[in-house]
Amino acid sequence: MNKKVYITLCAFALFSPVCFGEWNDSKYGIPPLNTDRKAVLEFFTTNVYGVRPDMKDFKPSYEVVENVDLKTCIRRRIKINTLTPLGETNFIATAYFPKKAGKVPVWVTPGFQTPIRQFLQAHKGAVERWPVDYITLSNSHATVTFTNREVLNDTADVLKGVNRAPDSWGAISTWALAASRIVDYLETTEEADMSKIAIVGLSRLGKTALWAGALDTRFQLVCPNCSGLFGARCATVNVCGETIDRITRVFPHWFAPVCRERWCGKDRSLPFDQHWLLATISPRLLAVGSATEDWWACPSGEFTSFFLARNAWKDQSRCNYHIRKGGHELTREDWSVYIQFAKKHGW
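In case it helps, numbering that gives the first Met the number 0 puts the sequence shown at residues 0 to 346.
Calculated from the structure, these hints are not laboratory results.
With a Cα cut of at most 27 angstroms, we get these calculated DSS-like pairs of lysine-lysine:
no., residue 1, residue 2
1, K313, K343
2, K78, K55
3, K342, K98
4, K342, K324
5, K70, K102
6, K78, K102
7, K70, K99
8, K102, K195
9, K343, K195
10, K102, K343
Based on the provided sequences and hints, a complete structural model is requested.
Okay, structure coming up:
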């Protein structure tokens, strides 16, 4: 085993309460696992991510604005409408479907940049976050991305002009809805195997992937990567990572206003924690990814959350955890783990 990875795992033994069976004691105070999916989703909706508006009168629309034959695959750009706290908007989803492959698994991955910018910045590793050739050519799966900022801008003041109720939805739930709108579109296609839809996200988009997967059971595999606080990480377990005070102060638009009001400064005395949310994915597939040097996301807290949540699965082979050498990123190595995990389960 790589020495750095080994040392990091040893650090888990020092800093993670699960290694000592202490997660219910007064020092750590992690609440027992709650597997009541309906109650957990209601709690996180009204206390963390916010309540979405009623969509009964929403009229979905999809417009294919580009369909290009690239010999080995089809690139398709689709204009999709969705709702945000600022009203209805449109965004562009970019999809790649392998040719002559029939119905295939689809990997939905929200992105920070447009696909063109990702490829232009390949030398900086940006293309690793969405390795189209690896997904489509090497594995004959399809993939779709969209840019989070095109749906709702990622700035702290983006919702300042909105009269927000305490439990009103924020950016994470908005981006998660956009991911579900992509699934709505996939249902209209001939290429997508709707029994094999996955979502993968990094950092704040890892939080988005987890929340989207928790709410929308059409995501049969959910992969929060380096997702940190209010993602896969237990807030209660924090070696040197982000705090609730910091995340809700710097990124107030991500959450419902009530999140900061109720939980700021209570990291170690919460009546809930993120292992509850991971458990809502059961019995579907869950794959949590961490990185050895990603201390801000706190890999020991992510591991603890996974360790506790796995008891929600009768078949624990359907949930997976991996830790990669390196920092806060979504890499080809991470993608390989997720795709091989999916293939292990018949994808």
